[in-house]
Amino acid sequence: MIKAFGVKPALLSVMLGLTSTSALAQDLNILLSGEIQADRCAYGRGASAIEQAKTEALSDIARALQSGKVLSIADTYEEMDTTSTTWLQQLSDMAQSGYDLRGLKTNTSKPRLEGTDTCVTVSVAQQALGTATTDEGSWNDAQTTVSVTVVGEGWPDSQQGLSAREAAELDALRRAISQVVGVWLTEQRTQYSNTVSHTNDTSDNFAINDFVARQLQTKSSGVVKQWQLIDSKAIANEGVEVTLRADVEKQKLEIATSHIMQQIGSPRVAVNAPAPLDSELKRWLSSQGVELSDNANLILNAKPRMIERDGTARLDLRVEVTDQAGNIYGEWQNDPTLIALPNGQDALYDLIDVHLSLDAQQQALRQQLGDAFMRVVQEGGLVHDVYINSRYLAKPERLSSVISTLGGAQDVSISNDGKFYKAQLRFSGKTGDLVAALQQSLQPITAAELPKAVIANEFTIRFN
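In this text, residue positions in the sequence shown follow the numbering used here: the first is 1042, and each later residue adds one.
The hints are simulated quantities; they were obtained by calculation from the structure and are not laboratory data. Among the hints, erroneous ones may be present.
In silico lysine to any residue, SDA-like type, Cα no more than 20 Å apart, as pairs [as the list claims (entries may be wrong)]:
(1) Lys-1344 with Arg-1286
(2) Lys-1344 with Trp-1325
(3) Lys-1274 with Ile-1380
(4) Lys-1471 with Asn-1498
Source: prediction; values computed, not measured.
With the hints as extra help, turn the sequences into a complete structure.
Below is the structure:
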């Protein structure tokens, strides 16, 4: 429910066309001062649940701004002054142009527990707005840099050897890149309409912005031309909050982001299905622009089942998207009731052909594949296994911390069978990029020069 203090909630529901089960069903309050507050909950406990709830709250605020609903409230609120109305108008314009609200100063309440959920209230108050758009509100081809003002937070990180100030600056620079990525992708919406770029889900947009920003931040050339510290203050738990003004180089960002989006929109996929389904699925995936490879880390597993009755046959088709480690990213099932054909030798082939030709079934499967690819992005990339012969490591106890510092690497775990150390991690880039990063980063802890890496497939790397 959206509330504007001084306006009856029932009237607002009529004005905004909302119901209690709408996408904005969580409490979203607009104060006379122009401050916007959103309540959101996420399953679980701890920092990850708090961050998820915070992201969802900002997604609610962004959706309300993008749809014009916030301005609809402001227009009916006679007691709101011009300054507050202007602020909300500017914020709405920026949200509609793709601006990532996480770059703004926000206040998050103390977490509260509700059953199995952790809940927070996030507030966005009036503040100076740095924008990644021109005065006309669009991407200006004439400018070479885009300036944004962002806020970053950081805490001491002994694993990566970062002070709270350094961590906050890195966080702010990532947010600066994410801001500009969001604006550019919004402008390019038509070009990437068939990939997993910007969807109707704002939290998905946040995820893709973050993914691209992390990729760009790790590149040696960089896309931030220069930045200036505007403000710094201490926050809870020995943390630091910084406000930066950053100039992002537009051309570098356009080229690099375009390349990354092409990779995300068309990951390599292996097909695991019995004949004749395997060939039909491969043909259909190729027509959708999905690259196929028998050695791909991402697998499309498909199981057809014939439902035979009274001389007719229907198709029950179940599709699952997994990686080689067994993680599930998406599932889809066709609608068997759509069509029945005379049962015969070619019934299975004909049913598969018909179901993959129906617009509704194609759209549903395409959507599930897109969602699966997005989940891979949200998880931090695909799982990779790295095997290093023990004789090459002088300081194996540091292996986890060193690999964890690689740009694009996360969820690192280490095991040892006596002869080999195995590092399993998620990596958001190409396998070749991971190999290059490992060869460089592992040098300080090796006893001898690493041999040339053997890439057994797209997800296994061996230093034998």
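Hints versus structure:
| no. | hint | in the structure |
| --- | --- | --- |
| 1 | Lys-1344 with Arg-1286 | 53 Å, violated |
| 2 | Lys-1344 with Trp-1325 | 16 Å, holds |
| 3 | Lys-1274 with Ile-1380 | 65 Å, violated |
| 4 | Lys-1471 with Asn-1498 | 12 Å, holds |
Going down the numbered hints, you'll see the structure goes against 1 and 3, while the others check out.
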